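Peer 1: These are the residues of each chain, in order.
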Amino acid sequence: MERSNYHTQPTANGNQEVQSSVVYIRDLYKSFGNNHVLRGFNMDLFPGENLVIIGKSGSGKSVLVKCLVGLIEPDSGILKILDQDITQLAQKEMDELRTEIGFLFQGSALYDSMTVRENLEFPLRRHPDKVPGSSETDSLVEDALESVGLLHAIDLMPEELSGGMKRRVALARALMLDPKVIVYDEPTSGLDPITAKEIIHLIMDIQNQRGTASIIITHDMDCARVIANRMIILVDGVNYAEGTYQELYKNPDQKVKAFFK
Amino acid sequence: MPSTITLPKSLRTYLSEAGLITRFAIRFGKEVFMPPYELREFLRQCYILGYKSLPLVAVTGFIMGLVLTLQTRPTLMEFGAEAWMPSMVGISIVREIGPVITALICAGKIGSSIGAELGSMKVTEQIDAMEVSGTNPFRYLVVTKIMATTIMIPILVILADFIALCGSFLVEYTKGAVSWQLYFSQVFAHLDFGDLMPSTAKSFFFGFAIGLIGCYKGYNSKKGTAGVGRAANSAVVVSSMLLFIIDFVAVLIADIFYEL
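Protein chains in written order, with this note's numbering: chain B, 1 to 261; chain X, 1 to 260.
For reference, chain X alone in the conformation it holds in the complex (with noise of 0.2 Å):
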């Protein structure tokens, strides 16, 4: 007689979980697809998680060149070595910083504002408002939302990554007078498209997988506005882990190709 093997709670817990979550990945994968299109709202989308989360990713982009580079400078120097600064910041902030940094942001802001947004429609019976009056709900708050995420998640990492060079550049331009020219020759000399490329299609994942765990959260959270800020919290905390997961999944698929 086979034996049988019981799973910890917590396990099977997760593991449902993660099953729900895909289910509700593919169910996204299907009404993607299907008209109607909801293009106004997907625009709309575009500009309220994009567009106004600029200001922030901004700030975070400068502050992170200026102190990779204030932080790596001394010891570049330390070895006669600090005209290779703006290329190892370049390589440092395209692979891997300025993506992951952005990412990170926009699953606090982005994440958890999907997340309370839906939770509160949930339980003050929006969606089903929308249902009754004839609306898929899926289709207009869901799938829109996660195509503006993984459209804008992408824009935004090229733009925080142009302003994280920015402030190093200042830097670079206050302590070693380097000028404007000479700083971004050396950077973009020194990245070629096997850098660009991996960190540029990671970030779509990126985008994905804040949408969805947002949305899955939000979408799915319990009655009573306990279950809002749960949700809130959750969509923050399971997309930051997701984000390393991805993350690391990329690096090694770039790395086989590196090899090649």
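Just chain B, with the same shape it has in the complex (with noise of 0.2 Å):
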């Protein structure tokens, strides 16, 4: 039986509402050899939703992102951004979806031999047809790097920023092609909490401003407390308790709780 990927979910009012989810997956399924990871996971993200994804280390946190933005082909299940199936997309499609996606590496992923300035122009020269006019391209990266407060560093390279800063205009390079869905791969990790609270207030201002959708996968419950409109615990490759961070914080369940301690 085909299933639709199209589901209720709640109005702020109340009321019952048809929407299409930006990304749909059902029964993922991804072993390596005898390792297990993901063990029929399911998710949906609804426009302008953020969701955050928690799980402890080895739960399969990282393999999810990996699927989810095609560096890892999952052994079954459906996996549709978009309404497009990326387990059946050929390459070239695939890479055409991929500038719908942003993502914010763990380790902000900077090209090292680059400028910060080069390091946002890349994703702009890999896809002319996304910017307007050459001309616009200087205009675009110093206001995405504008928008992270960054646009003294412009001509620095990776290797002159501290944490915060490189995972600033790691998230400024992500935004770069307008995308419609954000991936955020451990956003506060690694960061004092200050920064963290920059980074955290960041990512509210993107949806706010933008709209665009987002998984958060993290294990900083300060960070899912302000950012997560819904929150799936990830355990063993599995979901297993999903809701509102208040519903989950009052969830009885032992496992769940250990994650509010």
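Read the hints as simulated data drawn from the structure, not as lab findings.
It cannot be assumed that every hint is accurate.
Using 27 Å as the maximum straight-line C-alpha spacing, the simulated DSS-like pairs for lysine-lysine come out as follows [what the hints assert, rightly or not]:
no.	chain 1	residue 1	chain 2	residue 2
1	X	K52	B	K66
2	B	K250	B	K66
3	B	K130	B	K92
4	B	K197	B	K66
5	B	K66	X	K222
6	B	K66	B	K92
7	B	K80	B	K130
8	X	K222	B	K56
9	X	K109	X	K52
10	X	K109	X	K9
11	B	K92	B	K180
12	B	K92	X	K30
A quick note: this is a predicted structure, and the numbers were derived from the prediction, not measured.
Got two chains here, each in a separate frame; can you build the complex from them with the hints?
Peer 2: Right, dumping it as structure tokens:
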């Protein structure tokens, strides 16, 4: 039976409204030898939503995120992004779809042989059809850097930036092609509490200004509390619990409670 | 019932590695003709890998010419054959010493830098970032680097040969008062197409091998900083070994043509 990727999503006034999910995952499995990492994971991400996925180390978060952006091919299951099943796409179609997905890497992954400007120009140069005019590249880069408060660092090399600055530049780079979905892999890990808070506010600003749908993979509960519209607790490769922060906070299950201690 | 032969583990590892390198080379062969062509990155790599190696290659070539002449001169003088010095040095350098020494120097400098760069990019997820941004990292990073080494190593070899001959001339000039014109006319009098062609052809293969092994080792380096070091190190070791194998095969083939 063909599963529909249209699901009821409650609106702010409590009414039920049919919304198309931006990301639709059903029965996702991925193993490495005898190590079964994802064991039938399900997920929907709706437009404009911030979905936080939390889980302990080894719960399958990183594998899930790599499946989401097509870096790892799942063994089985349906993984649709913007109505396209990424397991069925040819390389060229996948590259096209990737322009609609922004990805913030845990370690920032800035190209260390390029300046900050070149790092931001890179996705624009790769997809010139996404840029209205070549003369606009400079202003797009400058605007993106200004939005993360790092215009002064435009000609610096990544090695000259602090961890927090790198994360902000990586965030600006992820936004260069104006993606419809953004995936954040541990956006606050390795940062001091003040810088982490700045990153959280940046993510909130992006969501407010652009209305993009976001998936945030984290184990930082402060980050989850501020950002999440909805949360999924991932345990041993399956959705163990799902709901808003408050719903999960009140959940009596010991495994769920452990995340809030 | 047929008996099965179990190969030693080290041999299986070696054969498996050889198979993976071959598969990597086949992938290069497929991707090199597929658009988009990364011309800008290719030219940047030619500059970085070729032009920036020029000082090292020039110094090595110059010393190579000096040493070869200084060491050979007494023996030739003993037989009253010092007039043969330019031709002998010319043929030695152009046919064998120039290409092999230059390629070995480049395997050390370029092979290790490619291995370390790609290894570090792999470890820090920069290659993944490139793929996620809709860019084919193999075409952008690997194809451009292998193409650049394949084109630039022969050019470096030709330059190193010329500089080595200049070094040799310097010794001949200071010790035997031989003029520039006389020296080089003697060098080219005994060099023919059969000397230049095989050495230039094998230089292309040397360049390809250096780029291929450097990229393979870096692109497939395991996680961690230790993996980056191992990638750089084994890029030099494997490509140096491969250079001698290519040289041996090239000499065998050239020998067949000489006999025809």
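Peer 1: Does each hint hold? Answer for all of them.
Peer 2: These are the hints, each one checked on the structure:
Between K52 (chain X) and K66 (chain B) the CA atoms are separated by roughly 37 Å; this puts the pair beyond 27 Å, and the hint is violated. Between K250 (chain B) and K66 (chain B), the direct Cα distance comes to roughly 31 Å. Violation of the 27 Å bound is thereby established for this hinted pair. Between K130 (chain B) and K92 (chain B), the direct Cα distance comes to roughly 16 Å. Compliance with the 27 Å bound is thereby established for this hinted pair. Between K197 (chain B) and K66 (chain B) the CA atoms are separated by roughly 25 Å; this keeps the pair inside 27 Å, and the hint holds.
Between K66 (chain B) and K222 (chain X) the alpha-carbon distance is near 17 Å, which keeps this suggested pair within the 27 Å criterion. Using a Cα cut-off of 27 Å, the hinted pair K66 (chain B) and K92 (chain B) holds, with the two alpha carbons roughly 18 Å apart. The straight-line distance between the Cα atoms of K80 (chain B) and K130 (chain B) is roughly 22 Å, inside the 27 Å bound, and the hint therefore holds. Proximity of K222 (chain X) to K56 (chain B) is assessed by CA-CA distance (about 24 Å); at most 27 Å being required, the pair is judged to hold.
Note on K109 (chain X) and K52 (chain X): the hinted pairing holds, with a Cα-Cα distance of about 10 Å set against a maximum of 27 Å. For a cut-off of 27 Å, the pair hint linking K109 (chain X) to K9 (chain X) is broken: about 31 Å separates their Cα positions. Annotation: proposed proximity of K92 (chain B) to K180 (chain B) holds, straight-line Cα distance about 19 Å (limit 27 Å). Our distance criterion of 27 Å between C-alpha atoms is met by K92 (chain B) and K30 (chain X), whose separation comes to about 15 Å.
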